[in-house]
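Those sequence lines, one after another, are chains L and A.
Under the working numbering, residues 1 to 458 are what the first sequence spells out, in order.
Under the working numbering, residues 459 to 916 are what the second sequence spells out, in order.
Not one of these hints is a red herring.
Simulated restraints on C-beta separations:
#	chain 1	residue 1	chain 2	residue 2	range
1	L	Arg376	A	Pro785	35 to 43 Å
2	L	Asp104	A	Arg624	37 to 45 Å
3	L	Glu442	A	Asp782	44 to 52 Å
Computed footprint of chain A on chain L, listed as stretches where at least three residues anywhere in the stretch have a Cβ under 8 Å from a Cβ of chain A:
#	stretch
4	57-64
5	260-269
Read the hints as simulated data drawn from the structure, not as lab findings.
In this text, a Cβ means the ideal position worked out from N, Cα and C, and glycines have one as well.
So you can see what is in the structure, the chains are spelled out below.
There are 2 protein chains.
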Amino acid sequence: MQSILVLGAGQSSPCLIRYLLDQAEERDWFVTVADRDVALAEQRVAQHPRGIAMASDMTDMQLLGSQIEDADLVVGLMPPRFQPVIARECVRAGKHLVTASYRDESMRELDADARRMGVLLLPEMGLDPGFDLMSAMRIIERVHGDGGVIGSFESYGGGVLGPDSRANPLRYGITWNPRNVVMAGEAGASFRDAGRIKIIPWHSVFSRTWPIEVPGVGPMEAYANRDSLAYQQTLGLDEAGTMVRGTLRYPGWAELWHQLVRLGLPNEHLRVPDLPERHWRDVTEMFLPRGASGTSVAERVADYLGISRTGGIITKMRWLGLFDREPVGGEGTTIAEALASLLRRKLELPETEPDLVILQHQVIARYPDQGDRLERIVATFTRYGEPGGETAMAIGVGMPLVLGVRMVLEGRIPLRGSHLPTHPMIYGPVLDELEREGLRFEEVVGEPTEDDLAELEA
Amino acid sequence: MQSILVLGAGQSSPCLIRYLLDQAEERDWFVTVADRDVALAEQRVAQHPRGIAMASDMTDMQLLGSQIEDADLVVGLMPPRFQPVIARECVRAGKHLVTASYRDESMRELDADARRMGVLLLPEMGLDPGFDLMSAMRIIERVHGDGGVIGSFESYGGGVLGPDSRANPLRYGITWNPRNVVMAGEAGASFRDAGRIKIIPWHSVFSRTWPIEVPGVGPMEAYANRDSLAYQQTLGLDEAGTMVRGTLRYPGWAELWHQLVRLGLPNEHLRVPDLPERHWRDVTEMFLPRGASGTSVAERVADYLGISRTGGIITKMRWLGLFDREPVGGEGTTIAEALASLLRRKLELPETEPDLVILQHQVIARYPDQGDRLERIVATFTRYGEPGGETAMAIGVGMPLVLGVRMVLEGRIPLRGSHLPTHPMIYGPVLDELEREGLRFEEVVGEPTEDDLAELEA
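Extracted from the complex, chain L is given alone in its bound form:
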């Protein structure tokens, strides 16, 4: 019997855990699900005979060490800040690790140790990063196979509500760790723009957006998503003069979030004493300098930021409850945590609505052997979740993870050290299997637009 330890039973986990348990009998697996919230872990395992729920505690090294020691493979779904600890313990214990998080510095640093210990560290094996990377690789492979060269590669992803949803004015539903929504853009963003590297600091990320049209969904907005240059290296796409990763939201999200960042609310470094008992209006007031003008918090915020006192942004802030005489509640010690629980409550996915996950690659390829013919490829993946059931997000994150776990346990990925799913040994088989499960991109191939041509010539 092979033993799988799933660390984290949060919103991204249900599909993964269900699939693992469903196949456990046939493949002779045993699945341990550990979460800080043991009741949540129990709910996921649902008394399956091949599964068990446990409490996890990332501050108790002995507990974590012994849980990892007892497993053959670990799936990491914890917040990214725990990844270094988990990866280190896995290497120490000689256990493989598959995660849906970005490969961070610690993963890179552990590469040599992992090889030495015969361990595979496989991060970025979820939806985004994960499915996006693998599907990008397949497009690149095809263009290169046809003798083409890629001039521009833009890759977008987002998890939102359906385009007709009226569930909330932000048209966003929380389907993953809201911490990542709150701290989005924190690292700033880099990308390649017509041959030149561009870098945007956090406080400008949400003000430098551009429109994206998603087939079947409609107009959306994109903001630059983290490190597109690392993405370019990962994809081995040195040839592309333009390389941008973007996050997709419905229009209006970014202008709101830009002002929240300017105000300073997304802060997970500073701890505020007695935060749960404080009222939101008092918390918001903390970010205003003494003597700001206006008779209400809302007016002072609007004046300080230089936005309309009655416009869309301040209206959405009010709807979120930032000016309410309501206690923050929860157990958070930072404003980022308070904001995350606020979003979790205000932007809860309605029981009657599906979520929507979107991935899109926009590629411009040139074929020197065909008289320099130019081609524009738009490959779009959209998937709706089951209302009240599994979210598209959980399916999109879980399916690639499951397939990765299976292949590692079957010995079909004999790599050791730290690798990404862009490795040819991984992405091909996983994409074939995902397609059988109905997770596929729709492609539109055509001629480049005038904007594209201007971009290429810049």
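Following the hints, complete the assembly by docking chain A onto the known chain L.
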């Protein structure tokens, strides 16, 4: 024989290591100094019979583990990002740890484990944090002993050049890890202002400064330094309506740094390919949006930021070399690292000049038993380094560390778990000893100013 492992042989370490070695024979110590740069470690040990230099590698857990295993006590002078790893290994191996870094989340989380293992984790035992905390405790103790209540506590610190130095236009010399200069303010800042909590995001920290007069030095500027609320809790000063920690620089530093933060240069998240070969002017250009106006990088930067094309800020940026056709050099992969090596080169402490370390507490106390008499205490510590020799910074960081190490090894601090030097068992004896070594504050006690009174009444 007791074995001391010093992790890190950087700019803050010389005084610490010299003192440890000087006393090694008498106290039967053996001192191991480990640094990534083994030559630097060798230089510090200088073939002392009671010392040895080793290579350290924070990515090699086996090496670090065995080095810690061999020690009785560890002194951590590594960059703060390694503190969680070091602390965890110390707890695992049952070894005490004394550091000059802030107590971070990991230290807090390890408290229970440390108690279980009989380990003392003692961070914030350097200059700032360290000497500042201990000296603040002594003032608070005295005011309380006299029946007083503290209404306002402001605490400032900084390491700069002498007031008459003309070594560089920024009047700053690098005497500690320049990474901390580059990333200063990153966490934002919180403080208590006339009873109200205020929070400033990073991109506003350097634009909300105020003047401070330092006796014997002259006018300086202060910006809010990190988490003053945590500082208030550490000092047990719930009674104070105003509690601010500030960093001191000569006037002009903050307005320059504010624009560098706005531009986005201090970024240690994003990696830029081939950074060492790129020219500084091209690096700076990365932070400008496409199509920025102006015929030179300098003009485009000035226009984009909305600052004078010919004023003091752009002049200092030019002096730093940000518009030069010079390769970045070094081995850094992020702009923050590039900026750190630039500062190290441009702001090198001249061989012929001393550095200057300043700590200052400004306290307003009220004595209810004395007809509500108000008192203004200004306690200032200034210390110049030895030109070409040990810096004031290394002395200020090293002396409290040495005393902490000695007390722990002598069994005079029988605490276990994670503690700060504000513990009465620690700060009293350490301050007495520091005073014998000539490290003392000068106090001026007088009446509050009109500004103070307005502040208290706000």
